[in-house]
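Student: Okay, here's what each chain looks like letter by letter:
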Amino acid sequence: EPEVTQTPSHQVTQMGQEVILRCVPISNHLYFYWYRQILGQKVEFLVSFYNNEISEKSEIFDDQFSVERPDGSNFTLKIRSTKLEDSAMYFCASSERDYGYTFGSGTRLTVV
Amino acid sequence: AQTVTQSQPEMSVQEAETVTLSCTYDTSESNYYLFWYKQPPSRQMILVIRQEAYKQQNATENRFSVNFQKAAKSFSLKISDSQLGDTAMYFCAFRLGGATNKLIFGTGTLLAVQP
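Chains as they are written, first to last, in our numbering: chain A, 1 to 112; chain B, 1001 to 1115.
Don't read these hints as lab results, they were simulated from the structure. Quantities reported herein were computed from a predicted structural model and do not represent experimental measurements. Heads up, some of the hints might be wrong.
What the hints assert, rightly or not - With a straight-line Cα cutoff of 27 Å, these simulated DSS-like cross-link-like pairs (lysine-lysine) come out:
#1 K57(A) - K42(A)
#2 K1070(B) - K1055(B)
#3 K78(A) - K1073(B)
#4 K83(A) - K1073(B)
#5 K1078(B) - K1055(B)
#6 K1055(B) - K83(A)
Stated by the list, open to error - Counterexamples of contact, computed for chain B against chain A with all Cβ distances above 10 Å:
#7 A1016
#8 S1042
#9 G1106
C-beta: ideal position from N, C-alpha, C; glycine also.
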């Protein structure tokens, strides 16, 4: 069964550093998303991406965050100048139109 | 704005028994989708079942079925013949029709299946 692949599975970074979380969506999917889940809390929407541009973003997704699809397969989330409160599980997802998402297995980001 | 409410933070069920997890939602739209996702200790998000709002028939996937009450805006998940591997956090989620629309999650129900 097709999968969404996320790397790395766990990343530890110093506060103030930049991190890039990587995702390879399912090849025939056209819609891409990033979500985050702070430990013990619910899953929160960050951003959706279609046709090489952001289609929707949440209030969480401020200037500290950016997304990019640098080639035909990867979809990245960049977090500039990380803060302690950015520590969370970050999920990438992709979908076909009107189908349920397929989520990746997540990247656990720890900011120290 | 759409909201999703899961009023049961934790539930427990004996192996082989049946359990029902509750979910209510609020929307003024008519075209939407509802989902249940399972999150085991590995924290991966796994789609369990989906329901299109325009379909009257309740969705079923093996031991998992839903009771979709559109007028009441209720979407409960029934797990039959519970297995130890069903132990997980279960999230109810809502999505408007239109491919780029976000998923809105409830706060989750932690289900423990007891041997």
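Student: Now tell me if each hint is right for this structure.
Tutor: Going down the list of hints, with the structure as the test:
1. Restraint check for K57(A) and K42(A): the C-alpha separation of about 17 Å stays at or below 27 Å, so the hint holds.
2. At roughly 10 Å between alpha-carbon atoms, K1070(B) and K1055(B) fall within 27 Å of each other, so this suggested pair holds.
3. Among the hinted pairs, K78(A) with K1073(B) is inconsistent with the structure: their alpha-carbon atoms are about 37 Å apart, more than 27 Å.
4. For the given pair, K83(A) sits about 39 Å from K1073(B) by alpha-carbon distance, which is inconsistent with the 27 Å threshold.
5. Proximity of K1078(B) to K1055(B) is assessed by CA-CA distance (about 18 Å); at most 27 Å being required, the pair is judged to hold.
6. With a C-alpha separation of about 45 Å, the suggested pair K1055(B) and K83(A) falls outside the 27 Å cut-off, and the hint is violated.
7. Consistency note on A1016(B): stated as away from chain A, and its beta-carbon is indeed over 10 Å from all of that chain's, at 28 Å minimum.
8. Distance check on S1042(B): its Cβ comes as close as 7 Å (rounded) to a Cβ of chain A, failing to clear the 10 Å threshold; non-interface status is violated.
9. Distance check on G1106(B): its Cβ comes as close as 7 Å (rounded) to a Cβ of chain A, failing to clear the 10 Å threshold; non-interface status is violated.
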